[in-house]
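Trainee: Chain order of the listed sequences is A and B.
Just so it is clear: in the first sequence, position 58 is 789 by my numbering, and no numbers are missing.
Just so it is clear: in the second sequence, position 54 is 55 by my numbering, and no numbers are missing.
No lab work stands behind these hints: they were computed from the structure.
Virtual Cβ for every residue (Gly too), placed ideally from N, Cα, C.
Some clues are possibly wrong.
Not close to chain A: a few residues of chain B, all C-beta gaps over 10 Å, as computed [as the list claims (entries may be wrong)]:
{"#": "1", "residue": "Thr16"}
{"#": "2", "residue": "Ala19"}
{"#": "3", "residue": "Val111"}
{"#": "4", "residue": "Leu208"}
PhoX-like cross-link-like pairs, simulated, lysine-lysine; straight-line CA separation at most 25 Å [unchecked claim]:
{"#": "5", "chain 1": "A", "residue 1": "Lys798", "chain 2": "A", "residue 2": "Lys829"}
{"#": "6", "chain 1": "A", "residue 1": "Lys893", "chain 2": "B", "residue 2": "Lys4"}
{"#": "7", "chain 1": "B", "residue 1": "Lys223", "chain 2": "A", "residue 2": "Lys829"}
{"#": "8", "chain 1": "B", "residue 1": "Lys3", "chain 2": "A", "residue 2": "Lys824"}
{"#": "9", "chain 1": "B", "residue 1": "Lys123", "chain 2": "A", "residue 2": "Lys798"}
{"#": "10", "chain 1": "A", "residue 1": "Lys829", "chain 2": "B", "residue 2": "Lys123"}
{"#": "11", "chain 1": "A", "residue 1": "Lys866", "chain 2": "A", "residue 2": "Lys736"}
{"#": "12", "chain 1": "B", "residue 1": "Lys123", "chain 2": "A", "residue 2": "Lys824"}
{"#": "13", "chain 1": "A", "residue 1": "Lys787", "chain 2": "B", "residue 2": "Lys4"}
{"#": "14", "chain 1": "B", "residue 1": "Lys223", "chain 2": "A", "residue 2": "Lys825"}
{"#": "15", "chain 1": "A", "residue 1": "Lys866", "chain 2": "B", "residue 2": "Lys223"}
{"#": "16", "chain 1": "A", "residue 1": "Lys890", "chain 2": "B", "residue 2": "Lys3"}
{"#": "17", "chain 1": "B", "residue 1": "Lys123", "chain 2": "A", "residue 2": "Lys893"}
{"#": "18", "chain 1": "A", "residue 1": "Lys736", "chain 2": "A", "residue 2": "Lys890"}
{"#": "19", "chain 1": "B", "residue 1": "Lys57", "chain 2": "A", "residue 2": "Lys893"}
{"#": "20", "chain 1": "A", "residue 1": "Lys964", "chain 2": "A", "residue 2": "Lys763"}
{"#": "21", "chain 1": "B", "residue 1": "Lys123", "chain 2": "A", "residue 2": "Lys875"}
{"#": "22", "chain 1": "B", "residue 1": "Lys223", "chain 2": "A", "residue 2": "Lys874"}
{"#": "23", "chain 1": "B", "residue 1": "Lys57", "chain 2": "A", "residue 2": "Lys890"}
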Amino acid sequence: MMMKKEKILAIKDLSISFQTSAGEVNAIRGVKLNLYKGETIAIVGESGSGKSVTMKAVMGILSSNGKVNSGTIDFTYHQGDEAVKVDILKLNKKQMRKSINGKRIAMIFQDPMTSLNPTMTIGAQIMEGMIWHYKTPREEAYKKAVNLLELVGITDAEKRMKNYPHQLSGGMRQRVVIAIALSCDPELLICDEPTTALDVTIQAKILELIKEIQEKTGISVIYITHDLGVVAKVADYVSVMYAGKIIEQGTVNDIFYDPRHPYTWGLLSAMPDIDTHDDKLYTIPGSPPNLLKKVEGDAFAPRNIFALNIDTREEPPMFKISDTHYAATWLLHEKAPKMDMPAELRTRIDRMLKEAEKDGK
Amino acid sequence: MKKYLLKRIAISIVTLLAILIILFLMLEFMPGSPFNDEKLTADQIALLNAKYGLDKPVMIRFFNYVKNMLTGDFGVSYTISKNTPISQLLQSRLPISVRIGGQAVLLGTVIGLILGIIAALKHNTIWDTLTTIISVLGVSLPSYVFALALSYSLGFKLQWFPLLYDMANPLRSSVLPTISLCMFTIATVARFTRTEMLEVLGSDYMLLAESKGISGFQLIVKHALRNALIPIITVLAPLIVGLMTGSLVIEKIFSIPGIGSLLVTAIQANDYNVILALSFIYSAMYIGIMLVVDILYGVIDPRIRLAKGDKHE
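Let the hints inform the model, and build the full structure from the sequences given.
Mentor: Right, here's the structure in full:
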């Protein structure tokens, strides 16, 4: 019997703008996102597409010039057996810090070299959250911190408790950051490019670690990344963001094997793989639109070789492809001319599908 | 750490000796002598020189001086207060300067820190602007302007505080000089605190601390201020020495019997032992406070502590 999946995060029509000296930047223009308990969602997109800003809004740590113009972020957490639903955007900063941050939603940041306080020991930084939120007695917090360090794969945990961040390597520090994030048993973990600043060998280890922890604790995870390799490894669902909007979302298989939005095609084509024989690495032409100006039509249209006339005039709605797969492109409209993804991408996907079959997936 | 400390103390002693030598040589090259009363004949001056040992070569005098100094004997005053031992001269004056200076340092640092923190937390608001104005005023206006303004308003018009320093009522009468002295410290500390706090507040680890849910006092003091303090201490050290060793102008305005005014009088009167002793005390205080600051760095910033440990162990 299938249990009904529990929705823990529901972002609706979120739009955020930033006041800058040049004017108002509409960084987020109507984001919609759902996350169910125990699942992993990856938000991908190039720099400036609004991935981090969306998640900072969930954490209530938007910079002071950011303004939420509309939308709701419904978050469901558990207090005992009871499920409590709150709109994060309606909480003030004090309530946010007291009842959500760290306690129920934790975040892992991009650069472990700078995200730990250089004047506090590792142990103190891990214990701080527990003592702050739950008034955990020191000995108990200490024991739990040591356990957490062991959980994230740090050897000599007792000794490391007394270390300062600068005495650890980047990979170790990121493990500490993960331990800090897990210290209060949150229900949602947001990973903001957790492996970007690490070298490749460590990347895989950290991703596996997060996956392992997820299996053990049943925590829901949101990844923010521009690395499609990470997405393929960890995510159940993928949301592709462009210019402050989600333009395609679906399961990993939907996005990797059956992409529909020309931007997703571009992203996938730009990912090199071993069997690519082209001399040139494909890149998406042009650069993202300036969000200081109001976007007319489809924001991706100027860079899109598949753009239709209507793309310059009207923004495409989300078209449903399957129960899990949605994309915002006029190409999916019934009256649109039939257009297929670039031939090279087609052959690559076919190749990947064959390999996947061979592996018996 | 212990080895490091010993090394630092040894270096300090050598530095002090070097300072003494340079002082001795400079006094030697100074025109005139302590005994330039027109009524004195050449014979009498020679007699006086012989009495105080001033007829001997400079090297011998230097060694005698150091030898006496080690036993706590700084010699006697030649002119200002004839034949009074320097230690006695300083005994009454040094504590007054140090106390008023200390009060000013304490007050200035505390107010400066608070102002700087407020300015950083309320960045780009009226509070920030106000702090900037105070900082600019404090740095650009000399202390005697504040001294005169305070004397006139709080001292003369409102009569809240005495206009002159009163040995019988040291606390009340030191209020005005303390405030006038601490303005510069307030301004400097506030400016530095604001800059450093702004930088720390924008750092990744503050974002992490906030995303942990930490807020209020703990966030600002434990996470932000401690990291911001490191550069602030560096600018604080010379300020402390400057204030503790007395300010000539402030001592003159409030007629405080401190060491600032004593030094100037001594230089004008060629009173070698007084000059030597005071300069030596200044240097010793400076070196001592620098040593304390370096140790404080290690206490506040573990990166410095351990780097030192690694190097010297």
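Trainee: Now tell me, hint by hint, if it's right for this structure.
Mentor: Status of the hints after comparison with the structure:
Every CB of chain A is more than 10 Å from the CB of threonine 16 of chain B (nearest about 30 Å), matching its label as outside the interface. At the 10 Å boundary, the C-beta of alanine 19 of chain B stays outside the reach of chain A, the nearest C-beta of that chain being 36 Å off. The non-interface label for valine 111 of chain B is consistent with chain A: the shortest C-beta to C-beta separation is roughly 21 Å, beyond 10 Å. Distance to chain A contradicts leucine 208 of chain B as a non-interface residue, since its nearest Cβ pair spans about 6 Å, not more than 10 Å.
Our distance criterion of 25 Å between C-alpha atoms is met by lysine 798 of chain A and lysine 829 of chain A, whose separation comes to about 21 Å. For a cut-off of 25 Å, the pair hint linking lysine 893 of chain A to lysine 4 of chain B stands: about 23 Å separates their Cα positions. For the hint linking lysine 223 of chain B to lysine 829 of chain A, the alpha-carbon distance of about 18 Å falls within 25 Å, and the restraint holds. A C-alpha spacing of about 47 Å is found between lysine 3 of chain B and lysine 824 of chain A, which places the hinted pair above 25 Å, so the restraint is violated.
A distance of roughly 18 Å separates the Cα atoms of lysine 123 of chain B and lysine 798 of chain A; the hinted pair therefore holds under the 25 Å criterion. This hinted pair checks out: lysine 829 of chain A and lysine 123 of chain B have alpha carbons roughly 22 Å apart, not beyond 25 Å. For the suggested pair lysine 866 of chain A and lysine 736 of chain A, the alpha carbons sit about 33 Å apart, so the restraint of at most 25 Å is broken. As the CA atoms of lysine 123 of chain B and lysine 824 of chain A are separated by approximately 15 Å, the hinted pair is consistent with the 25 Å bound.
Only pairs whose Cα atoms come within 25 Å are accepted, and lysine 787 of chain A paired with lysine 4 of chain B is rejected, the gap being roughly 48 Å. At most 25 Å may separate the alpha-carbon atoms for a hinted pair to count; lysine 223 of chain B and lysine 825 of chain A meet this at roughly 18 Å. For the hint linking lysine 866 of chain A to lysine 223 of chain B, the alpha-carbon distance of about 17 Å falls within 25 Å, and the restraint holds. Taking the CA atoms of lysine 890 of chain A and lysine 3 of chain B, the gap is about 23 Å. The hint holds against a cut of 25 Å.
A C-alpha spacing of about 35 Å is found between lysine 123 of chain B and lysine 893 of chain A, which places the hinted pair above 25 Å, so the restraint is violated. For the suggested pair lysine 736 of chain A and lysine 890 of chain A, the alpha carbons sit about 42 Å apart, so the restraint of at most 25 Å is broken. Between lysine 57 of chain B and lysine 893 of chain A, the direct Cα distance comes to roughly 61 Å. Violation of the 25 Å bound is thereby established for this hinted pair. As the CA atoms of lysine 964 of chain A and lysine 763 of chain A are separated by approximately 24 Å, the hinted pair is consistent with the 25 Å bound.
Under the criterion of a C-alpha separation no larger than 25 Å, the hint pairing lysine 123 of chain B with lysine 875 of chain A is inconsistent with the structure, at around 37 Å. Taking the CA atoms of lysine 223 of chain B and lysine 874 of chain A, the gap is about 23 Å. The hint holds against a cut of 25 Å. With a C-alpha separation of about 65 Å, the suggested pair lysine 57 of chain B and lysine 890 of chain A falls outside the 25 Å cut-off, and the hint is violated.
Hints 4, 8, 11, 13, 17, 18, 19, 21 and 23 from the earlier list are contradicted by this structure; the remaining hints agree with it.
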